[in-house]
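In terms of numbering that gives the first Met the number 0, the sequence shown opens at residue 0 and continues consecutively.
Derived by calculation from the structure, the hints in this document are not laboratory data.
Don't take every hint at face value.
Ranges between beta-carbon positions, derived for each pair [claimed, not checked]:
| hint | residue 1 | residue 2 | range |
| --- | --- | --- | --- |
| 1 | C92 | T16 | 17 to 25 Å |
| 2 | V10 | L75 | 14 to 22 Å |
| 3 | R35 | V66 | 16 to 24 Å |
| 4 | A12 | S61 | 13 to 21 Å |
The beta carbon of each residue, even a glycine, is placed where N, CA and C say it ideally should be.
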Amino acid sequence: MPPQGGQLMNVTAVESTTLAMVAYDDARELLQLEFRSRVIYQYFCVPTRVHADLLRAPSKGSYFNRVIRGRFPYGLASKVQAGVAGEALRSECSR
Numbered sequence: 000m001p002p003q004g005g006q007l008m009n010v011t012a013v014e015s016t017t018l019a020m021v022a023y024d025d026a027r028e029l030l031q032l033e034f035r036s037r038v039i040y041q042y043f044c045v046p047t048r049v050h051a052d053l054l055r056a057p058s059k060g061s062y063f064n065r066v067i068r069g070r071f072p073y074g075l076a077s078k079v080q081a082g083v084a085g086e087a088l089r090s091e092c093s094r
């Protein structure tokens with residue numbers, strides 16, 4: 000699951016009925032989630048603590064819904080990797 004630009008991310012397969020993979024780039028505060036439906040979303044401005052807590056959560060789906068969903072700028076990975084959308088979303092981190 001490399002993000003745009005080919006940087007490597009910390010990728011973890013997870014046991015969850017909602018998520019299949021969790022990837023994180025702490026330098027860019029980028030969280031990438033692959034759902035069981037095979038759709039991949041990227042979430043921006045996500046603190047390292049949120050990533051760590053997600054991995055420790057007994058229910059990844061519940062944690063996602065409670066802490067991540069609707070609280071961070073995000074985009075569908077295929078569109079984000081296309082370029083402009085990712086830069087626009089990443090710029091929101093500095094606000």
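Hint check for L75 and V10 - Cβ pair distance inside 14 to 22 Å: For L75 against V10, whose Cβ atoms are near 18 Å apart, the range 14 to 22 Å holds.
Assessment of proposed distance window 17 to 25 Å (beta carbons of C92, T16): violated (30 Å)
16 to 24 Å as the expected CB spacing between V66 and R35, which holds or is violated: About 19 Å separates the Cβ atoms of R35 and V66, which means 16 to 24 Å holds.
CB-CB spacing for S61 and A12 relative to the 13 to 21 Å hint: At roughly 19 Å between Cβ atoms, S61 and A12 fall inside 13 to 21 Å, so the hint holds.
The earlier numbered hint that this structure contradicts is number 1, and it is the only one.
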